[in-house]
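Residue-level listing of the chains:
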Amino acid sequence: MARRSSRKRPIRWHIGVFLAPATVIYTAVMILPLLGTLHLALFREVDREQVFVGLDNFSTLLGDPRWSASFWNAFRNNIWFFVIHMLVQNPVGILLAAVLSSPRLRLRTFYRTAIFVPTILSFVIVGFTWKLILSPLWGIAPYFLDFVGLKSLFAPWLGKEQYALTTLSLISVWQFVGIPMMLIYAALLSIPDGVLEAAEIDGITGMSQFWRIKLPLILPSIGIISILTFIGNFNAFDLVYTSQGAMAAPNFSTDILGTFLYRTFFGFQLQLGDPHMGAAIASMMFLIILSGVCFYLVAVQRRLVRYQF
Amino acid sequence: MHKARSSKIRTVAAHAILIAYTAIALFPVVLIVVNSFKTRQAIFRSPLSLPDSETFSLIGYQTVFAQGNFAHYFQSSLIVTMASLFLVLLFGAMAAFALAEYRFRANALMGLYLAIGIMIPIRLGTVAILEMMVASRLVNTLAALVLVYTAQGLPLAIFILSEFMKQVSDDLKNAGRIDGFSEYTIFFRLVLPLVRPAMATVAVFTMIPIWNDLWFPLILAPAEATKTITLGAQVFIGQFVTNWNAVLSTLSLAVVPVLVLYLIFSRQLIRGITSGAVK
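Residue numbers (my numbering), protein chains in the order written: chain A, 28 to 336; chain B, 53 to 331.
Don't read these hints as lab results, they were simulated from the structure.
Predicted model only: the values in this text are computed from it and were never measured.
Glycine is no exception: its CB is placed at the ideal position from the N, C-alpha and C atoms.
Any given hint might turn out to be false.
Example chain A residues on the side facing chain B (calculated, C-beta under 10 Å, incomplete) [as the list claims (entries may be wrong)]:
1) P37
2) L67
3) L69
4) G81
5) V115
6) P118
7) Y138
8) G154
9) I249
10) S253
11) T256
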């Protein structure tokens, strides 16, 4: 389209009209509160008045032994939560997508629809359902272990400090594996047939075709999935809250930044809620997510080679 | 001959993997729904069998309907989801059209500004959002939730829709301009009908997280009158931990509406994902 000269034209009000509603709501309910949170984190309530304290809340969070122990505990757990997703969810998603995209597969739509079902369920359903299945009271999990002769391995996984977080991460993986599957599936479908035919003529088929031809072509999608997983994981809250409660039982072993923020902001048991410390934690999460995204944009995305056909 | 056999093996292996994973994905859901129709004894004695004439029971559902306010929760969820969805689609499409159609200064900047929200979750602004809602007396109203979800849904909607709107033919729009249509008529009468499939995709992407959200209903609208079904189920199950019939029935009731919506829209959803919007 030729560039139209905009100088002689009257003001195009309609552009403003089209943009205004979205921009106003987005700015008022999203951007300003996000800035407000950063702002709130710099104040503290002293004698019912807000006093500017600079970065004091942050030094309390990271320096005070009680606060910093909880913070680092939640941070470490969150990293482990993310690591499990990267190690289990994404490889399984890629495997399923690769199988699903094999040519002339029957029942493709059925499999695709079925595997995506957990992703549409709410955390409340997912959390309680798995809590019931893993409960020693009901005995579904031990029954299945018995089936393969491993009944002795059963433990109330969600109730044991050393297993609870990993178990929760795997439940979350079960829920969200549909997303990497779909995105990778889409990426695999977009590889032109010509490329694959050329590979076949060169004798590259099956597994080696996947590793040498398809995988390099879908790397950008894997990058996007990784960063989406990162954002989602460091923002997670619901699953832990519904299955383990705000106290992240047992003994805070499943505490992640989201539940830590919730407890700090609203208080728990005898401790009163503290909006300023809550805002400080939210700001830290903001920083963590932002640095993750920046790292991805600067260090990862630029190195990914995109092939155009 | 050799080739045919190896491809047969590969097909069998592919089906084996997919069937195994489908079982893993569906088993928990089926287990919950099947057991919600059984007597308490049968739930524990033979959790894996289907209900028969002896073990069939609706006691769980009776408890839920007698004590829970589920019809009301369901209504709240429906109002919030539909209202937010309508606003996200309308305002999102308008903004996407402005970004895709017109060249103006700050176009790229606006696009970038509106895309920040894709990366930074709105949840981190909760502290300030709650203060704002308290100040404007919107706490415990569905309007508060609608506002938050609209803001939450807009960035991705604008991003996806503007990609699609760039593909609408210029000739068509210019023909409209020659016929004397206003820019608004061109948008509502010519462009919107053409991007309907993209709108459906965005609708599904927007709808699922709103319907399933626990965080904002818990914080902004926990009152009985405004509880959504997700929050209602959470609270209700918390009270009835030991009443397995009621818990299983509640879970089933919470699953079914989403599942039905998903089955209706799944084709749209998958077409949307695979059509290149996210590549």
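Outcome of the hint check:
Restraint check, P37 (chain A) versus chain B: the minimum CB separation of about 13 Å is more than 10 Å; hint violated. At about 6 Å, the closest approach between the beta carbon of L67 (chain A) and any beta carbon in chain B falls short of 10 Å, and the interface hint on this residue holds. Hint status for L69 (chain A) relative to chain B: violated, with the closest Cβ pair at about 13 Å, above 10 Å. At its closest, the beta carbon of G81 (chain A) sits 18 Å from a beta carbon of chain B; the interface hint therefore is violated under the 10 Å criterion.
Interface hint at V115 (chain A): violated, since its Cβ lies 12 Å from the closest Cβ of chain B, which is beyond the 10 Å cut-off. Given hint, P118 (chain A) at the interface with chain B, is violated; its Cβ is 13 Å from that chain's nearest Cβ, farther than 10 Å. The criterion of a C-beta within 10 Å of any C-beta in chain B is met by Y138 (chain A), whose closest approach is roughly 5 Å, and the hint holds. Given the 10 Å rule on beta carbons, the hint for G154 (chain A) holds: about 9 Å separates it from the nearest Cβ of chain B.
For I249 (chain A), the interface hint is violated, since its Cβ never comes within 10 Å of a Cβ in chain B; the closest pair sits about 12 Å apart. Against a cut-off of 10 Å between C-beta atoms, the interface hint on S253 (chain A) is violated, since the closest Cβ of chain B lies about 14 Å away. With 10 Å as the threshold, the beta carbon of T256 (chain A) stays out of range of chain B, its nearest partner Cβ sitting at about 13 Å, so the hint is violated.
The structure fails hints 1, 3, 4, 5, 6, 9, 10, 11 (numbered hints given earlier, in ascending order).
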